[in-house]
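Trainee: Each residue of the sequence shown is one higher than the last, beginning at 1 in the working numbering.
Hints are not guaranteed to be accurate.
Stated by the list, open to error - Cross-link-like lysine to aspartate or glutamate pairs, in silico, EDC-like; alpha carbons within 16 angstroms at most:
| # | residue 1 | residue 2 |
| --- | --- | --- |
| 1 | Lys107 | Asp129 |
| 2 | Lys144 | Glu121 |
| 3 | Lys119 | Asp141 |
| 4 | Lys144 | Asp120 |
| 5 | Lys119 | Glu97 |
| 6 | Lys41 | Asp63 |
| 7 | Lys41 | Glu59 |
| 8 | Lys32 | Asp43 |
| 9 | Lys32 | Glu59 |
| 10 | Lys107 | Asp146 |
| 11 | Lys119 | Asp99 |
None of these hints come from the bench; they were simulated from the model. None of these values were measured; they are calculated from a predicted model.
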Amino acid sequence: MVRKLLQGSVLLLVLLGAVRCESSPSIESLLKILPQFDGWKRDAPFSQEENGGVVAGAEYARDGLSLQFMVMAGPESSASGPIPEDLEEERSSGRAESDISVFTFLKVDGFDAVIVEMKDESGASVWVDLRGKGWIILGGDGEKPDALLGLLAGVQVRQFALQVQ
1 MVRKLLQGSV LLLVLLGAVR CESSPSIESL LKILPQFDGW KRDAPFSQEE NGGVVAGAEY
61 ARDGLSLQFM VMAGPESSAS GPIPEDLEEE RSSGRAESDI SVFTFLKVDG FDAVIVEMKD
121 ESGASVWVDL RGKGWIILGG DGEKPDALLG LLAGVQVRQF ALQVQ
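Using the sequences and the accompanying hints, generate a full structural model.
Mentor: Okay, here's the thing in structure tokens:
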């Protein structure tokens, strides 16, 4: 379910042209800095460049579980984040809920971030806002937010932010 949410988000962003960027980072520069998580096997990286926007990432597997790490770049991408527009005003409370998800707002390495946890406990994702120029997204079916945050602690978020500026 989380994988479908992530894939659907990328498709929606591309279709709407929300990741348009006049001087987007090179795919090669993003692929070079994709993380390797201890204990997880990384599949071949994937990338897509369309309408001037960039999406790059990889899937990871361990013991029948899977994760997906992506970075999306584009000047309008922060407006295309995981928060439904009608819940955006609840950001200041630190938490919001929809019918299917719970959103928790926090900081990751000094960057605004959102944990999206499925109410049916099918998985979670963490979206890190790269100061309005893109997103880092880490999610997985069956994953818990604390595990994802632990993995993100080893990601050099600032390096990705520099690439998408």
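Trainee: Compare the distance between the alpha carbons of lysine 107 and aspartate 129 with 16 angstroms, and conclude whether the hinted pair is satisfied.
Mentor: holds, 9 angstroms
Trainee: Holds or violated: lysine 32 and aspartate 43, Cα atoms, limit 16 angstroms.
Mentor: Judged against 16 angstroms, a Cα distance of about 14 angstroms means the pair holds.
Trainee: Are lysine 41 and aspartate 63 close enough, with their CA atoms no more than 16 angstroms apart?
Mentor: holds, 10 angstroms
Trainee: Mind checking the alpha carbons of lysine 144 and aspartate 120 for me, to see if they're no more than 16 angstroms apart?
Mentor: holds, 12 angstroms
Trainee: Keeping to a limit of 16 angstroms between CA atoms, is the pair of lysine 119 and glutamate 97 held or broken?
Mentor: Holds: lysine 119 and glutamate 97 sit about 9 angstroms apart, inside 16 angstroms.
Trainee: Does aspartate 99 lie within 16 angstroms of lysine 119 when you go C-alpha to C-alpha?
Mentor: Roughly 8 angstroms between the alpha carbons, so the hint for lysine 119 and aspartate 99 holds.
Trainee: Is the Cα-Cα distance between lysine 41 and glutamate 59 16 angstroms or less?
Mentor: Status holds; Cα separation ~8 angstroms.
Trainee: Lysine 144 and glutamate 121: Cα distance at most 16 angstroms?
Mentor: holds, 8 angstroms
Trainee: Is lysine 107 within 16 angstroms of aspartate 146, Cα to Cα?
Mentor: holds, 13 angstroms
Trainee: Given the hint that lysine 32 pairs with glutamate 59, test it: the Cα-Cα distance must not exceed 16 angstroms.
Mentor: holds, 15 angstroms
Trainee: Are the Cα atoms of lysine 119 and aspartate 141 separated by 16 angstroms or less?
Mentor: It holds: about 12 angstroms lies between the C-alpha atoms, which stays within 16 angstroms.
Violation of the numbered hints given earlier is absent; every hint is satisfied by the structure.
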